[in-house]
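These are the residues of each chain, in order.
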Amino acid sequence: MEVKQSGQIFLVYIQKDEPVMETLTSICKNNEINNGQISGIGAVKEIEIGAYDLDSKTYLRKQYTKNHELISFQGNITLKDGTPFIHAHITIGNHDLRTRGGHLFEMKVGVVGEFIIRKIDSNAHRELDDNIGLAVWCLENQ
Amino acid sequence: MEVKQSGQIFLVYIQKDEPVMETLTSICKNNEINNGQISGIGAVKEIEIGAYDLDSKTYLRKQYTKNHELISFQGNITLKDGTPFIHAHITIGNHDLRTRGGHLFEMKVGVVGEFIIRKIDSNAHRELDDNIGLAVWCLENQ
Amino acid sequence: MEVKQSGQIFLVYIQKDEPVMETLTSICKNNEINNGQISGIGAVKEIEIGAYDLDSKTYLRKQYTKNHELISFQGNITLKDGTPFIHAHITIGNHDLRTRGGHLFEMKVGVVGEFIIRKIDSNAHRELDDNIGLAVWCLENQ
Numbered sequence: 001m002e003v004k005q006s007g008q009i010f011l012v013y014i015q016k017d018e019p020v021m022e023t024l025t026s027i028c029k030n031n032e033i034n035n036g037q038i039s040g041i042g043a044v045k046e047i048e049i050g051a052y053d054l055d056s057k058t059y060l061r062k063q064y065t066k067n068h069e070l071i072s073f074q075g076n077i078t079l080k081d082g083t084p085f086i087h088a089h090i091t092i093g094n095h096d097l098r099t100r101g102g103h104l105f106e107m108k109v110g111v112v113g114e115f116i117i118r119k120i121d122s123n124a125h126r127e128l129d130d131n132i133g134l135a136v137w138c139l140e141n142q
Numbered sequence: 001m002e003v004k005q006s007g008q009i010f011l012v013y014i015q016k017d018e019p020v021m022e023t024l025t026s027i028c029k030n031n032e033i034n035n036g037q038i039s040g041i042g043a044v045k046e047i048e049i050g051a052y053d054l055d056s057k058t059y060l061r062k063q064y065t066k067n068h069e070l071i072s073f074q075g076n077i078t079l080k081d082g083t084p085f086i087h088a089h090i091t092i093g094n095h096d097l098r099t100r101g102g103h104l105f106e107m108k109v110g111v112v113g114e115f116i117i118r119k120i121d122s123n124a125h126r127e128l129d130d131n132i133g134l135a136v137w138c139l140e141n142q
Numbered sequence: 001m002e003v004k005q006s007g008q009i010f011l012v013y014i015q016k017d018e019p020v021m022e023t024l025t026s027i028c029k030n031n032e033i034n035n036g037q038i039s040g041i042g043a044v045k046e047i048e049i050g051a052y053d054l055d056s057k058t059y060l061r062k063q064y065t066k067n068h069e070l071i072s073f074q075g076n077i078t079l080k081d082g083t084p085f086i087h088a089h090i091t092i093g094n095h096d097l098r099t100r101g102g103h104l105f106e107m108k109v110g111v112v113g114e115f116i117i118r119k120i121d122s123n124a125h126r127e128l129d130d131n132i133g134l135a136v137w138c139l140e141n142q
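Chains as they are written, first to last, in my numbering: chain A, 1 to 142; chain B, 1 to 142; chain C, 1 to 142.
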């Protein structure tokens, strides 16, 4: 993993076989990126994504082991239990260029991973919403 | 709906059952965000999206009533008839993680809606292009 | 093609029949945008996209001639052989709102092309990685 900082912006190159969410989260923690925005492209593998089922309050999950293009990565960073937490959704494409997508749990870089983190100067955090079953954004000042 | 501002950036949490385009547009109007950029993720329902048919100069439209993951939201803000106007395209995913996407008309939040608006200090506007049948970007100074 | 600059941000309107990658690359070169980020939406045609096959170290390529919605465009700009180079992945949607996506080689605007370039003040570059067969991000200072 390599990082290059320019003001509020961090270019992040995640290398083959490195875990994406774990790596990005550690960069946020090490650089005190409490709020922010992440985008990225590349090619990934051993992907676990899901869709939230509100009735059962659980994620339906699927795994994709082979290399897929990482077509879109939209993530945000907020504080959860006092530390930076990344929520990200991705679109992936197979070698027929067909797409799948959803909530990202984890994936590894399959070829290259090119990410851009933009730090935001605020301290929005998450708190559990019992009706939804998830920790949701709380934007009021604490 | 909750909003937290940090300089040019607005974190926006749109809650279950609230309309996304209507809510984001009202935030732009209230904060004089004449130009800008919007991204977002979450889970949405009662989605109407479409694709533009240049021959008939109309949008082909489809509705998706059930909850879908909001995998990607790319939107821009320009002035149309003197007020902020949002143009957005989205990718959604169903519970099999299959994706659909296109031009967004409107949708409601199904579980959570996490959006980030970045204000841009300019006044680009739209004007009708008769050949295309749409109000298109005009970037020259007025 | 029209461009409006606001500080580090460039709004770019690419018109019908103009090539997207060629146009964006020339804007980066003319404005010394060595590093940056690009997003965009619109409707495009004569699209060539692909997926990288690590075994053969070649891209599998497909063409889509008809108009498609440009649903997502995530691109980054780094230096390659001393000049700005754009790496972009896209999601496109047909008139049934079905999606395809992958690594973008080139496409033309079919209806409108609305892009936002954000310049980043750094000089990250690419160098060939023989194990991967691609020029990859190098983020250490030169």
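Derived from the structure by calculation, the hints contain no laboratory data.
For clarity, every value in this text was computed on a predicted model and none was experimentally measured.
Mixed in with the good hints, there may be bad ones.
Identical chains blur together in the list; that is why a pair holds if it fits in one copy or across any two.
What the hints assert, rightly or not - Mimicking BS3-like on lysine-lysine, the simulated pairs with C-alpha atoms at most 25 Å apart in a straight line are:
no.: 1; residue 1: Lys16; residue 2: Lys29
no.: 2; residue 1: Lys57; residue 2: Lys119
no.: 3; residue 1: Lys66; residue 2: Lys16
no.: 4; residue 1: Lys16; residue 2: Lys80
no.: 5; residue 1: Lys45; residue 2: Lys62
no.: 6; residue 1: Lys62; residue 2: Lys119
no.: 7; residue 1: Lys66; residue 2: Lys119
no.: 8; residue 1: Lys29; residue 2: Lys4
no.: 9; residue 1: Lys57; residue 2: Lys29
How the hints compare with the structure:
no.	hint	result
1	Lys16 <-> Lys29	within (22 Å within a copy, 30 Å between copies)
2	Lys57 <-> Lys119	neither (31 Å within a copy, 35 Å between copies)
3	Lys66 <-> Lys16	within (13 Å within a copy, 35 Å between copies)
4	Lys16 <-> Lys80	between (29 Å within a copy, 21 Å between copies)
5	Lys45 <-> Lys62	both (13 Å within a copy, 21 Å between copies)
6	Lys62 <-> Lys119	neither (31 Å within a copy, 37 Å between copies)
7	Lys66 <-> Lys119	neither (32 Å within a copy, 34 Å between copies)
8	Lys29 <-> Lys4	both (16 Å within a copy, 22 Å between copies)
9	Lys57 <-> Lys29	neither (28 Å within a copy, 35 Å between copies)
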